[in-house]
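Participant: One-letter residues, chain by chain:
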Amino acid sequence: MAKLILSMDNLVLKEIPLNKERTSIGRKAHNDIQIDNLAISGEHAVIVTILNDSFLEDLNSTNGTFVNGQQVKKHFLQNNDVIELGKYRLKYVNEAPALASQADFEKTMVLRPEVMRKAAEQMSGKPAEAPPAAPAADMMPPVGMAPPVAPPAAAPALPLAAIQVLTGSNAGKTLDLVKTLTTLGKPGVQVAVIARRPHGYFLTHVEGAKRPQVNGVAIDTQAHELKDHDVIELAGVKMEFFFKS
Amino acid sequence: MGAIDLSRAIEMASCSDTGQVRSHNEDSVLANARLGLAVLADGMGGYNAGEVASGMATAVLGSELEHAFADRSPHMLTDSGAPLARAVLEDVIARTNAAIFQAAQSQPQYAGMGTTLVAAQFYDNRLTVAHIGDSRLYRLRDDALTQLTRDHSLLQEQIDGGLITREQARFSQNKNLVTRALGVEPTVATELNDYDVLPGDVYLLCSDGLNDMVEDEEIALTLSALAANLPLCATQLVQMANDNGGRDNVSVILVKIKEPFPAPAAGGWWGHVKSWFR
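In order, the protein sequences belong to chains A and B.
Here this note's numbering is used: the first residue of the first sequence is 43, the next is one more, and so on.
Here this note's numbering is used: the first residue of the second sequence is 1297, the next is one more, and so on.
Hints are computed from structural coordinates only; laboratory data are not their basis.
Glycine residues also receive a C-beta, built at the ideal position from the N, C-alpha and C atoms.
Do not rely on the hints blindly, as some may be mistaken.
A few chain A positions that, by computed beta-carbon distances, are all more than 12 Å from chain B [said to hold, decoys possible]: (1) Asn-52; (2) Asn-136; (3) Leu-153; (4) Ala-204; (5) Glu-249; (6) Ala-260.
Under the rule of at most 25 Å between Cα atoms (straight-line distance), these lysine-lysine pairs were calculated in the PhoX-like manner [to be verified]: (7) A:Lys-228 x B:Lys-1554; (8) A:Lys-252 x B:Lys-1554; (9) A:Lys-149 x A:Lys-133; (10) B:Lys-1554 x A:Lys-62; (11) A:Lys-149 x B:Lys-1471; (12) A:Lys-221 x A:Lys-286; (13) A:Lys-149 x A:Lys-221; (14) B:Lys-1471 x A:Lys-133; (15) A:Lys-280 x A:Lys-269; (16) A:Lys-286 x A:Lys-252.
Just chain A, same shape as in the assembly:
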């Protein structure tokens, strides 16, 4: 379950589990998270939690709600986001389940009708205990939503490669293999494709009676891994594959 860690001046004050559909934040006593400080509005912000996702919404507070340094009206919370209200910080922690159980966790499940109804109520933003301070009407404007921070992409360490045409009218031209797939040849006559994969570049025959040659030998039906300075020949044109840099 997701939680918030409330702190001020790097001093942790308390942890708040997000176990309710709506968790309100404000200066007044009726809020779920009361922060008794004049910089905080009476009803400052609310966090709506739908199953595993939480959304932060500023309730037109005087001094605003900030996430990771940017003012937000509405924000889809991501793990380790830091919400700032005045001098107070609320860190949002929603750790992905331990790796061992991750596969199970991601398995498709059916939402039963009763759960659906609950989720629908949450989405329409008018559960029974909704305070009048947050009318349903201004609950949903999808404006000003800051894009969530992208998860760290597993950057493939594959060096960039290119092909240089050696013969024919395009001789001398080079083509960087930046796309996942680069097709070569003449459609309907002879076509091959170079697939850029995490561990290398692979040439595969696509169509045509003749198969492409690599260093003078026709490749079989399988993908053929290309090595630096391999010479490919197809549709009567020779080209060289090479790694850049």
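Got chain A sorted already, so can you dock chain B onto it with the hints?
Facilitator: Same frame as chain A, now just chain B:
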């Protein structure tokens, strides 16, 4: 009388893989170019129950539809004015749902099993698609990729409700929740849609193991680059999902329209013969 044979006009290829993380494959695919039928199901449930549910879905649907269209063409109009394909698909899916639900009720090891479903029936230069859950049908036409089905999932409802954007949906923790499934309730709401079909179109049916791992732009690029070699295109899509982590089973069926396939003229040759003797 000879049933339909669309294998001249329609080419199909499929590929289904366990992926890089899961221990077994709960997806099931059926691709029959002769019948113009493609069915893909993504099962769920403990032990091998997911495989049982998806396997039942493709097997029952395949045989029932072949039977239903053995002596009636799917393009014929029913009393309500809709093509027979719609009524038959809905009816057969309802019966498949009952069969899976029955099995789940009577066998403790299958309790709670269910499956998503996407089924495309091609006939008379058209297609009727039935879907339940988050398995999808895409169409590539003139190099533009269009998603023809709308997921029955919590995430899709949140997108529709304006709660989160399509871009943000990629980061949601609620990805895996479908709001409809085959075999989990005594009855099921099947969504049916009809589309015209043109020569040159390429259709893709896939489980979420593909579209969760591979961006739509990459799917579009692959379909347009490799449409000339459909089996290679299918394995390439699966390979891309696996190269990106392969966190789920991944299955694809590709359907390429090579030429028009209008329904035979009313009554066919036998109709003509009969009309001479009126």
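Participant: Each of the hints needs a verdict: does it hold here or not?
Facilitator: Each hint tested on the structure:
{"no.": "1", "hint": "Asn-52", "result": "holds, 28 Å"}
{"no.": "2", "hint": "Asn-136", "result": "violated, 7 Å"}
{"no.": "3", "hint": "Leu-153", "result": "violated, 5 Å"}
{"no.": "4", "hint": "Ala-204", "result": "holds, 18 Å"}
{"no.": "5", "hint": "Glu-249", "result": "violated, 4 Å"}
{"no.": "6", "hint": "Ala-260", "result": "holds, 16 Å"}
{"no.": "7", "hint": "A:Lys-228 x B:Lys-1554", "result": "holds, 19 Å"}
{"no.": "8", "hint": "A:Lys-252 x B:Lys-1554", "result": "holds, 22 Å"}
{"no.": "9", "hint": "A:Lys-149 x A:Lys-133", "result": "violated, 28 Å"}
{"no.": "10", "hint": "B:Lys-1554 x A:Lys-62", "result": "violated, 55 Å"}
{"no.": "11", "hint": "A:Lys-149 x B:Lys-1471", "result": "holds, 9 Å"}
{"no.": "12", "hint": "A:Lys-221 x A:Lys-286", "result": "holds, 15 Å"}
{"no.": "13", "hint": "A:Lys-149 x A:Lys-221", "result": "violated, 31 Å"}
{"no.": "14", "hint": "B:Lys-1471 x A:Lys-133", "result": "holds, 23 Å"}
{"no.": "15", "hint": "A:Lys-280 x A:Lys-269", "result": "holds, 15 Å"}
{"no.": "16", "hint": "A:Lys-286 x A:Lys-252", "result": "violated, 29 Å"}
Checked against the numbered hints given earlier, this structure breaks hints 2, 3, 5, 9, 10, 13 and 16; the rest are met.
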